[in-house]
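K.L.:
If you want the building blocks of each chain, they are given just below.
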Amino acid sequence: MAKDELIEIRWHGRGGQGVVTAAKLLAETAMKEGKYFQALPEYGPERMGAPIRAYTRISSQPIVPHCLVTEPNIVVVIDPTLAKIIDVTEGIAKGGMILINSPLSPAELRSILNYAGEKVGTVDATKVALNTLKRNFPNVPMLGALLKATGVVNKTNLIYIIKYKMGATMSREVVEANIQAFEQGYNECQID
Amino acid sequence: MSGNRLKGELKALEGDNAVAEAMRQINPDVVAAYPITPQTEIVMTFSEFVANGLVDTEFLAVESEHAALSACIGAALAGARALTATCGPGLALMWEMLWIASSWRLPIIMNVVNRAFSSPLNILCSHDDAMGSRDAGWIQLYAESQQEAYDNTLQAVRIAEHPDILLPVMCCLDGFVLGHTLEPVEVLPDEVVKEWAGTYNPCYSLLDIDHPVTYGAADFTDYYFEHKRPQWEAMERAPKVILDIGEEFGKVTGRYYHLVDSYRLDDADVAVVVLGATSGAVRVAVDRLRKNGIKAGMLKLRCFRPFPAQQVVQALQGKKAVAILERVAFFGAEASPVFLEVATAFYLRGVSTKLINYTYGLGGRDTVPGQICGVFQDLIDITQTGKTEPIFRYLGLRDF
Chain L
0 MAKDELIEIR WHGRGGQGVV TAAKLLAETA MKEGKYFQAL PEYGPERMGA PIRAYTRISS
60 QPIVPHCLVT EPNIVVVIDP TLAKIIDVTE GIAKGGMILI NSPLSPAELR SILNYAGEKV
120 GTVDATKVAL NTLKRNFPNV PMLGALLKAT GVVNKTNLIY IIKYKMGATM SREVVEANIQ
180 AFEQGYNECQ ID
Chain F
0 MSGNRLKGEL KALEGDNAVA EAMRQINPDV VAAYPITPQT EIVMTFSEFV ANGLVDTEFL
60 AVESEHAALS ACIGAALAGA RALTATCGPG LALMWEMLWI ASSWRLPIIM NVVNRAFSSP
120 LNILCSHDDA MGSRDAGWIQ LYAESQQEAY DNTLQAVRIA EHPDILLPVM CCLDGFVLGH
180 TLEPVEVLPD EVVKEWAGTY NPCYSLLDID HPVTYGAADF TDYYFEHKRP QWEAMERAPK
240 VILDIGEEFG KVTGRYYHLV DSYRLDDADV AVVVLGATSG AVRVAVDRLR KNGIKAGMLK
300 LRCFRPFPAQ QVVQALQGKK AVAILERVAF FGAEASPVFL EVATAFYLRG VSTKLINYTY
360 GLGGRDTVPG QICGVFQDLI DITQTGKTEP IFRYLGLRDF
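From first to last, the protein sequence lines are chains L and F.
Counting in numbering that gives the first Met the number 0, the first sequence runs from 0 upward without gaps.
Counting in numbering that gives the first Met the number 0, the second sequence runs from 0 upward without gaps.
It should be emphasised that the hints constitute simulated quantities derived from the structure, not laboratory data.
Positions of the beta carbon are idealized from the N, C-alpha and C atoms, including for glycine.
Among the clues, some could well be false.
Stated by the list, open to error - Computed cross-link-like contacts, EDC-like style, restricted to lysine to aspartate or glutamate with a CA-CA straight-line distance of at most 20 angstroms:
id: 1; chain 1: F; residue 1: Lys10; chain 2: F; residue 2: Asp163
id: 2; chain 1: F; residue 1: Lys6; chain 2: L; residue 2: Glu32
id: 3; chain 1: F; residue 1: Lys319; chain 2: F; residue 2: Asp377
id: 4; chain 1: F; residue 1: Lys353; chain 2: F; residue 2: Asp380
id: 5; chain 1: F; residue 1: Lys227; chain 2: F; residue 2: Asp380
id: 6; chain 1: L; residue 1: Lys31; chain 2: F; residue 2: Glu8
id: 7; chain 1: L; residue 1: Lys164; chain 2: L; residue 2: Glu182
id: 8; chain 1: F; residue 1: Lys353; chain 2: F; residue 2: Asp266
id: 9; chain 1: F; residue 1: Lys294; chain 2: F; residue 2: Asp377
id: 10; chain 1: L; residue 1: Lys31; chain 2: F; residue 2: Glu185
id: 11; chain 1: F; residue 1: Lys10; chain 2: L; residue 2: Asp86
id: 12; chain 1: F; residue 1: Lys10; chain 2: F; residue 2: Glu190
id: 13; chain 1: F; residue 1: Lys239; chain 2: F; residue 2: Asp163
id: 14; chain 1: L; residue 1: Lys164; chain 2: F; residue 2: Glu40
id: 15; chain 1: F; residue 1: Lys227; chain 2: F; residue 2: Asp377
id: 16; chain 1: L; residue 1: Lys164; chain 2: F; residue 2: Glu8
id: 17; chain 1: F; residue 1: Lys294; chain 2: F; residue 2: Asp265
id: 18; chain 1: L; residue 1: Lys164; chain 2: F; residue 2: Glu190
id: 19; chain 1: F; residue 1: Lys290; chain 2: L; residue 2: Glu4
id: 20; chain 1: L; residue 1: Lys162; chain 2: L; residue 2: Glu175
id: 21; chain 1: L; residue 1: Lys147; chain 2: L; residue 2: Glu32
id: 22; chain 1: L; residue 1: Lys162; chain 2: L; residue 2: Glu4
id: 23; chain 1: L; residue 1: Lys118; chain 2: L; residue 2: Glu187
id: 24; chain 1: L; residue 1: Lys126; chain 2: L; residue 2: Asp86
As the list claims (entries may be wrong) - Listed below are several chain L residues computed to face chain F (Cβ distance under 10 angstroms; list not exhaustive):
id: 25; residue: Ala26
id: 26; residue: Glu27
id: 27; residue: Ala29
id: 28; residue: Met30
id: 29; residue: Tyr35
id: 30; residue: Phe36
id: 31; residue: Gln37
id: 32; residue: Glu41
id: 33; residue: Tyr42
id: 34; residue: Arg46
id: 35; residue: Ala49
id: 36; residue: Pro50
id: 37; residue: Tyr54
id: 38; residue: Pro64
id: 39; residue: His65
id: 40; residue: Cys66
If we strip away everything but chain F, and leave its shape as in the complex, we get (with noise of 0.2 angstroms):
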């Protein structure tokens, strides 16, 4: 860590707080944003800084998800800065406009407060709305704790402006768990995030009337595909991107972010690949067996969007087995997203490492140390038996 970092201000604050004050202080252009819990108090609270004069961001409260994405869009191409906020059902009202932001480059940045989708109707946490969107074009980071989810919101404008990358950025953090869970995190002074935000600069703004362009032009066999190709390419640079500008905050703040993180796995023989935050719950599991003598390990994703691949072949290849753990209900598929990409990863590269995928927390069920003590047990197994069979499990089902 630098030795002369900066100190912020130590604030309680729920995480649905933390990513507002992050908010505020990007001062964004404009915001336009729909309430939906349990996103609601981001919004909120947000309104509360413009109807205080503390921002000087044209709010717009839009009749939908499809509107608010709609209007940051619309915003983003007349060369404002603009930044919204949803969740589950609210993301899925926003579905073409998340695609139609990925593919005219604008640098938009949505946190997403993870909610499951109905039905049964359900307000609580899964990364269902994430993963489901996972594909649009979006670069997605993921957030274990409160002061994470401030943090990314701080450096996806950042990521998103980079004249590299020009990609919308999608920062998660687990509703309820982190959106309402209060918590220190230590906030930036004003001025210091005034200058690290800096001043959006468009490439091609709507209202640059000197340099007239286009944009949503009617493209069939013509040239569509080929205009699809800049996006592959950008997603390609964003690693580098994330990468340096995680490294530039932690010369700032002593907090230095990567694509992953990984706690205790040099040496460990099984490993757990987890997302958002029961990364927690599973370091304190990972702590546990540690001290039985069993070399225990956690992969943290943050970045799920473009998937690290190199860095998840580096940092398992040679584990003798890993679970990868996902909140997440994917149906049809043989196993789950991250599994799906750890999967090919490997496969890509040789590596032969035993994977199992359990889907866990849906709906909101809590998950706590001791079940994730469970998933390395069943690991230990496989490296004894050399079955892994089934490869896709259930972790905190009950039968009834």
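The shape of chain L in the complex, shown without the other chains (with noise of 0.2 angstroms):
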């Protein structure tokens, strides 16, 4: 990470799905990396189905402000009815790039978000949740999608993290399984 580097993300998803979840993972593996951090969710009624938003900032240098973000340099969509229903590709920074659940193609994606920005990343996410978690959590597959089409924090790290926080109240089993569902979403994603 350069010198005043700083990574905005933007999640979308729906509650319940874990998008807080994957927010904070992202965010603590920056604090593994010795990195500055937040993670924000952005909350209204909580409710189970209910759209929400929630952002990551990791830089290498303090972060200052404590609102949203606005203009993101990655957008990651976790549920995939979400693109038809709002503009998921809203402020997406130059150079930015948005990655999203969906069996579809980046090319299909780009497409139907007709989204000309440089880079568009897909994965089932859901598929690979109910392969490896049998539930329904795309979070998780959606991180892995993250590692493959950015360095934003090392791999490594980030898995160490899923199975530190998860494990203090998931068996090992559930763990084990959600380190398959990142593996396969990184492995399974396309980028473009």
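Need the complex rebuilt from these two chains, each delivered in its own frame; the hints are there to steer you.
P.N.:
Below you can see the structure in the form of structure tokens.
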């Protein structure tokens, strides 16, 4: 990470999909790497299934503002149905990218979203989650996709944090399934 | 900064958890609280510390916020160090007891995770709650970051219990913006906080039966008025104590605290006054404008009660125009609370700097550096036209 570099990420998903968890896992990995970070949920009336947003900032320098991210470098869409409802590409910074949970190819998504930005990544994170976790938690596969598409944090460190944080409250089998979900998300992500 | 400053452990904490961590380390005698969003995580986390035996605190899960503060008052009367936390409607329900805590000179510490008042229903940040209670005789500190929320809580114990003060302290942090955002917080070693906080030695405990005292007696035309006087005098002594403790805290941690905090203000032509978490967005705006050769600066109020009039005037006099940003819906006055304080302080000292007032960010509405740049542009316009009207303005309010 270059000096003074600030990476801002916006997460889209629905309540109950682990959107805030993903934002925090990434932030905690940044801490392990000695970087500064923020993980900010954008709260409304919290309920299962409602569209929610969260943000992660990572920087080599102290992070001064506490406002929300308006020009993200990276957008991660955890829920595949949101892309049709809201403008998920809104405000993406120059040179930025969008990663979407979708069975479609990046080229197809680009056309659907009418997005001419630099990078689009897709992975069928719902399928990956159902295969590995047997439940619809597409957040961790999308973290895998994010690490495939960017070097925002180190992959080994993120796996360590997933094990460490999830291991505190979940069984070994569930943690292992999450690591598998992460790896599959990483391997199956297509970027264009 | 001191060369031998103490390095704490860096933890990823949300503001609420940072406050709970400070409370754990203070290890108070009593915590009585009622959960309310966005304060809940403070009480919830602290109750886990209690359940896990990490503190010796008598934890009272009471039936309402009125009861929470009442129980803290009872505990403090008995000579205990008592802490609580609340926000918005919870603070409103404590209203009656706020005045009782301060008039009995009880050094209770309360974190207020600022939340808007209904209606319409809103759980997000405004400063309505704390600003509404600004005249209740409590000292009020506002945090810009999670680190400051942690540090203020630790300092509040020493400020409140200082023999020259003996007043309750409200530590404010913006709901969700700080309360639910994860950031690195440097947490001091437990033994350092233990030594810092020391032991509370109450002057007049109800349980000290060798020295019996009466609290809350009827007091009508005979002495009620006279019994208010020591409260004014304690508030007058507070600025020096807050500064001394901020300095002492700095010697331990390298983080020095004052009544106000200036950013690029010395040579500024135009300035913004702000308190709480929006200070960060103002700093970013100031940096952007400075790159374009505009001499912008910021004054952050850390302490609002007592109002540091002398420090505010010193910092701002000579500026060509100043905007006071407030996250409060305050009705029926010509402007909002901080503006009224600044204007009074200026007038009484013969300073005639042009002032305007913005209300912003109500009910959690986000405020970004670009909007603050717009405020600075308005100030520059005022320096050119000399016209300040309208004095009271809205920032980020849509027309529809």
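K.L.:
When the structure is checked against the list of hints, which entries are broken? Sort them ascending.
P.N.:
1, 5, 11, 15, 18, 22, 24, 34, 35 and 36
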